[in-house]
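Kindly produce the complete structure, drawing on both the sequences and the hints.
So the chains spell out like this:
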Amino acid sequence: MKPDALIQIVDKWVTARTVKSARQLSRRHFLSRFGKLMVGISLVPVLPVARAAETRLQLPEIGDPQDCDYWRYCAIDGYLCSCCGGSESKCPPGAEPSPVTWIGTCENPADGKRYIISYNDCCGKGECGRCFCNRNEGDKPAYYPPKNNDINWCVGTKTNAYHCSTAVVVGVDES
Amino acid sequence: MKSIFTITLLCLLAMNARSELPLETYGQLTLDTLPQHTLLINTFSHNAVLFNADTQQMLGTISTGIGANAFEVDRKKGIVHTAETYLSRHTRGQRTDVISTYDIRTLSPIGEITIAPKHPSGSPMRHYTGIVKDTEAELMLVANITPAMSVSVVDLQSRTFLSEIPTAGCGLVYPSEKLSFLQLCGDGRAQLVTLNRKGEELSRVRSEIFFDLETDPLMEKPARSEAGWVFNTFHGKVFQVTTEAGKIKISLVFNVGEDDEGWRIGGMQPVAFHVPSQLLLLLMHQGGENTHKDPGTEVWYINLATGATTHRLSLAVPANSIQVSQDESALLYAGSIAEDQVQIYDLKTTVSRGTISDIGLPTILQNL
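Which chain is which? The protein sequence lines are A and B, in order. Numbering (this note's numbering) for the first sequence: 11 to 185. Numbering (this note's numbering) for the second sequence: 2 to 369.
Source of the hints: derived by calculation from the structure; they are not laboratory data. Computed from a predicted structure; not experimentally measured. Check the hints yourself; a few may be wrong.
[What the hints assert, rightly or not] Among the chain A residues that face chain B by a calculated CB cut under 7 Å, a handful are:
1) K135
2) G136
3) N146
4) Y153
5) A171
Where is the CB? At the ideal position from N, CA and C, for every residue including glycine.
See the structure below:
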């Protein structure tokens with residue numbers, strides 16, 4: 011089996027597990043598992059979900075990451091890191107990505123598929139103040155944190171000072 | 002000789018004029034008496050500002066730390082409390098979370114209580130804190146989200162941090178009878194937690210399922226009525242949640258917008274309740290799914306007992322937050338982040354009474 015084929019299988023398995031978990035498990039259980047997954051992303055960059063985030067160029071893309079209407083931002087609430095010296099998936103220099111995050115599901119107009127988006131906040135600097143964007147597709151109230159974008163997600167970082175938000179593609183929603 | 006005489010005369014005149022001027026001294030003012038309609042406006046700029054809503058004059062500022070969403074007001078003692086976070090090096094360094102107490106007369110801090118460093122920040126939310134009390138104890142509750150959810154309990158009399166109550170699956174705090182508080186849960190229920198005076202949990206009960214998080218979530222931004230709390234769902238179901246003898250009672254009061262399809266409740270602080278007239282005030286906008294945080298263009302007046310909409314007030318500019326003073330000659334406030342202003346209306350006549358501008362991006366509005 012070619013490595014790419016193996017990776018594709020693992021990719022699908024991880025994606026399916028993530029989506030299934032989000033639907034079926036209790037909030038705490040899901041959070042526990044998803045939190046570990048997110049920590050895992052930051053610690054072990056060879057995991058399939060991390061690979062998906064790294065290979066942005068393989069995604070068909072339409073739109074401007076500095077525009078609030080950009081497809082990945084369907085559930086974002088904050089300053090766009092792409093306007094702050096970072097990108098749609100990377101923090102600006104010196105800003106620390108939060109390993110714990112909230113997730114959304116957005117449709118990519120380039121291929122019509124729905125992707126799972128991890129909205130990692132970037133932390134440890136003052137508020138960027140540029141390109142504020144608030145869209146609430148699938149956003150839930152604050153008593154359900156995994157799907158709430160009001161909360162400052164600078165947790166598990168050196169400090170909780172919020173700087174800006176990214177939108178990292180972590181999988182395909184195959185539901 | 003003549004010139005010397007002239008200079009001497011001028012000096013004498015100048016000295017005379019100086020002696021007639023009142024002596025001006027520097028100093029600071031205090032808020033010895035609060036105006037009838039004092040509005041406390043929380044902002045995005047780590048400042049809460051006070052205004053006399055009748056004159057639109059600014060009265061002063063309370064400077065806060067990170068995440069000071071709203072204040073717990075004690076008018077009798079002339080103080081307010083808020084939960085906030087401080088970092089020792091502005092955006093880095095040691096984190097300390099505290100409940101700070103401010104004197105309303107000087108708008109200055111007069112004490113603080115260190116709490117668990119788990120207080121959430123982000124978009125302002127009124128119900129991250131609350132106070133419960135009985136005849137002897139007064140406890141301040143602070144919701145924690147790390148994202149694991151719990152509640153910090155602080156004794157305001159001894160000024161000590163008492164306990165942290167884990168509340169997995171349920172969050173926020175809505176004070177209820179005596180030393181008990183309600184929470185909302187992701188499984189579609191409400192939860193009632195009762196404490197003793199030491200901040201220890203005595204009991205915990207959950208209601209039946211009364212909303213569906215996936216299809217029509219219950220919004221976490223209710224108003225307090227005399228009986229309990231008035232909540233709404235994203236789609237417009239209005240529930241009254243009360244407690245009696247340690248049990249939770251849920252009643253569907255009515256549906257808003259049934260006859261006006263497309264109108265939704267939304268915003269940062271979209272619900273207010275005027276106790277003297279039993280009037281429920283809802284911030285409404287036209288929109289569909291995922292518009293639950295959109296600013297409202299109208300305020301609907303609804304009789305809580307009957308569900309009848311008695312008036313629809315068109316706002317001059319869309320608003321994110323509403324509040325109402327609790328007197329007979331009440332004022333309705335509507336805060337707009339985009340326009341950086343608070344509109345003021347006479348609740349009964351619905352006539353505009355003015356606008357407060359240049360605030361610093363208003364968020365949660367509170368009566369003082």
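A quick look at each hint next to the structure:
At its closest, the beta carbon of A/K135 sits 5 Å from a beta carbon of chain B; the interface hint therefore holds under the 7 Å criterion. Annotation: interface hint on A/G136 holds; nearest CB of chain B at approximately 5 Å, less than 7 Å. Because the smallest distance between the Cβ of A/N146 and any Cβ of chain B comes to about 5 Å, under 7 Å, the interface hint for this residue holds. With a cut of 7 Å, the hint placing A/Y153 at the interface with chain B holds, because the nearest CB-to-CB distance is about 4 Å.
Nearest Cβ of chain B to the Cβ of A/A171: about 4 Å, under the 7 Å cut. The hint holds.
In this structure, every one of the numbered hints holds.
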